[in-house]
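**Student:** Top line first, the protein sequences correspond to chains Y and Z. The opening residue of the first sequence carries number 1 in the working numbering; numbering runs sequentially from there. The opening residue of the second sequence carries number 1 in the working numbering; numbering runs sequentially from there.
Take these hints with a grain of salt, some might be off.
Computed cross-link-like contacts, DSSO-like style, restricted to lysine-lysine with a CA-CA straight-line distance of at most 30 angstroms [stated by the list, open to error]:
id: 1; chain 1: Z; residue 1: Lys-113; chain 2: Y; residue 2: Lys-95
id: 2; chain 1: Z; residue 1: Lys-113; chain 2: Y; residue 2: Lys-48
id: 3; chain 1: Y; residue 1: Lys-95; chain 2: Y; residue 2: Lys-48
id: 4; chain 1: Z; residue 1: Lys-182; chain 2: Y; residue 2: Lys-95
id: 5; chain 1: Z; residue 1: Lys-182; chain 2: Z; residue 2: Lys-113
Just so you know, these hints were derived from the structure itself, not from any lab. Since this is a predicted model, take the numbers as computed values, not measurements.
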Amino acid sequence: MVKNDDRSQLILIAAILIATTILGSVILLNTLHSDADITAHKDSQSVKQTERVTSEVTDNLRTLFFAFDSVSEAGEPLPYISNSNPSLFEENVTKYSRNYTELSTLSGTGVLDVTYDDSASISGAVFRQNGSGNEFPNSASPPIDVDASTPYMYFNISASSVTDSSSVDFEVEQGSGIALDKKSGGALEVTEGSSNIICQWGPSDLPDTIQIEVTNGTGEVRGDGTACGEIEIDDTTPITFENPGDATGQYIISVDSTNSVGASINDPDYRAAFTGIVDPMFDFTYEDPSLRFSVDIRLFGGNS
Amino acid sequence: MSGDRGQAYTLEGVIGAIVIASALVLGIQAVNIEPWTDDGPEQGDELRAQVTDTLEIAQDQNALKPALLCLGGTDQSTPHPNILATSPDVTRLSAILNDTLDDASYTVYLNYKNTSVSPPVFNQTVIGQEGESTGSSVVVTRQIIMLDSDPVYDYNNRNCQRTDEELQDLPIDSVYLTDNSKSETYAIVQMRVVAW
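In isolation and in its complexed conformation, chain Z is listed as follows (with noise of 0.2 angstroms):
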């Protein structure tokens, strides 16, 4: 008769033990510490907007097309990858850039479609050095309308010099952009930034 009671104290005390510890496990993993672990979605809502507003300031003071037309990275047709160096600046956009995200990494993607191939393909180019995120990041994007008039910079000597030709005047192959329209519009760009 003891031993059938210390088999049913022994059962009550292991279901007993099995609910304490699984209530101690969820009642540990409700409490949330992504506020103090600088993690989860309400920490890249600062950064994200921050970009936001860096890339529509960059617009805004006409500094992505100069930029984006300053040619001479992969085989010399695509944006040279020093765009984006500082110390000392080389474009107005790398100086934006790194004036209103210094405490922050960043990668520069562009994305646009070639439409000189059967079907259009999306192309996707980086510019400078590709970064790795070391932590949780945002993704923004902006779409800049380049137009055949649009003018053409040249890479030389860590700057960006104006050259007299146009979008419009360069050969299909210098350029990444393929000319899609008979309009004024010559191609649409996405600028992708990945902060973090």
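Bound conformation, chain Y alone (with noise of 0.2 angstroms):
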């Protein structure tokens, strides 16, 4: 009888060494494991909040800078503010700022802060044609310099007025610029230098129109508003326009004062143009609990 109670007090003694090991691995997975996981969520939270944040104020910064000056003055959004506006602009970014934070800490703990760098903003003049004829000048001069620092250019085409089969119709600077080639058969290329096919079309599928957008050197080429591919300036190149035969459309191109601009001003092919601040500096500061990320942000020319 003694020879049993011993069995069951031992085998009951080591039910509860079992269980005492248990909760205390419980314990010390818990204390080192968990607490790692949930941190490192929040932070990539936090990262990914922080990167939708800087695209969206980006974005509502460059509508804000397009519509600033010119909607009154030149009767569209243009890329620039006049030269005499400048802390007017800055009012109104910091406003913008303060109306974004308001609005966001609605449903969140962010806090905005983005002001504008009138110092470390770069001037010059903007080019463009809108006008009721649409059709593009024909190796209009004194040519403008592009390069990989011009800060925009866009070209909105309608594709039908491209019409020559035989030969390419519509360049920016022959061979080394961008052309709209009109294939026999009724296809339609977008070429970048002599031979790099950008986009193509065939005959049954051809867009109303075709946007061509280059910001700092980089950028794309849509048709009727959906990408397919895109476009890289390396070199300078001076804008002209090589045999654009009947094609119809608009242009803006903005330069800065370091390119050839002041004889260009007055020139009658390439219709009004507007001097001021061409590509703007803004200091973005975004704070939430988690991390502070501050970063200079230039509209056209990418973060530094």
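Since each chain sits alone in its own frame, please combine them into the complex, following the hints.
**Tutor:** Printed below as a string of structure tokens:
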């Protein structure tokens, strides 16, 4: 009888020891493992949120920049602010920053502070065509120098107006520039340089309009707003319209003041030009309980 | 003497049972079953990314403003409740949301500052039907700058048609936004999408 009591007591003690071991392991693992997971997840959410806010604010600043002076002065959104208005623009950016934070704190904890830095912004001129005729100038002179640092270049071309089937029609700088080439059979190609095909459409899927948008040397080609290829400008390329034929559309080209701007401003082939800030710089800071992110954002030049 | 031993054995057994039961309970709680029950913070990440990208695409394609300025809602001054209706899609925004979030349910709110009163207040408008979340939900916001020159749209026969008017042309009481800037900026609207 004594032997059975001892056995059962031994079994009970073993069970208690096993249970205590399990308890201890659970407490230890909870302390070491879960906290790291939760912290890493919170940090990654903060980083993603910061990326999203940076992209959203940059889009909004672009909208503000395009509309601030040009709608009243030129009648359409253009990428410049008048040299006489940087302080007013600075006020509006500060106001936007305050309004953004007021709205975002309704459902979050992030605080935004963005200010306009006039001393680091780039001045220059904007050339554009949006007249009733919409025909592109032919070999207009003097040329505008475009290179990888050109803030902004935009073309919107009617695809059906590119009609020459035997040779390249509508070129921006022959040979090394951008060309729209209507092929025999009705296909249309957008090329860069002499042979690099960026986009092409068959006769049955031609878009109505083709957009080419380049900021600081890189950009994309779109057909009816849908992206189809990327474009890159490496060298200094004088912009002249070579062989535009009967192609119609609009263009906006902004250049900084280090390029050949002075003599071109009053050139009637380029329609009206507007001088001012063409590539603004913003100081951006976003802060939430987990992190603080500061960066200088040049609107057409990427972060620095 | 045997009575004393019995009491000691009983006490030992009770304490042992408590320790074993506690270990079982805590051990089972330590197992994370959220991945199997489609619950937990990681499950919302994918939906949040999807909604964020959808709103960015909608803005890139200029689909947000034509919907937010298609008036005809409460007092005819807020966006019409049908701007997110589908079958057929009333606006480009409803088409984008319907195509990309077809596996999720969502409610869209607009938050904006009313500066016509003192002190200014923040108003919220829900567009269309306000759904009720059936599980863990995500909230994604996007702010849009409305300009004086933005065109206004009129809801007519399940279609938002562009009018000749601009936002700056509308009388104060006929639009839910207030012009709080002397510059080309009219107001800032926050679109808040709650998805589940």
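**Student:** So, for every hint listed, does it hold in this structure?
**Tutor:** Do the hints match the structure? See the list:
1. Z:Lys-113 with Y:Lys-95: 13 angstroms, holds
2. Z:Lys-113 with Y:Lys-48: Within the cut-off at roughly 27 angstroms; holds.
3. Y:Lys-95 with Y:Lys-48: This hinted pair holds, its Cα atoms lying about 25 angstroms apart.
4. Z:Lys-182 with Y:Lys-95: At roughly 11 angstroms apart (the allowed maximum being 30 angstroms), Lys-95 of chain Y and Lys-182 of chain Z satisfy the hint.
5. Z:Lys-182 with Z:Lys-113: 16 angstroms, holds
In terms of the numbered hints stated before, the structure departs from none.
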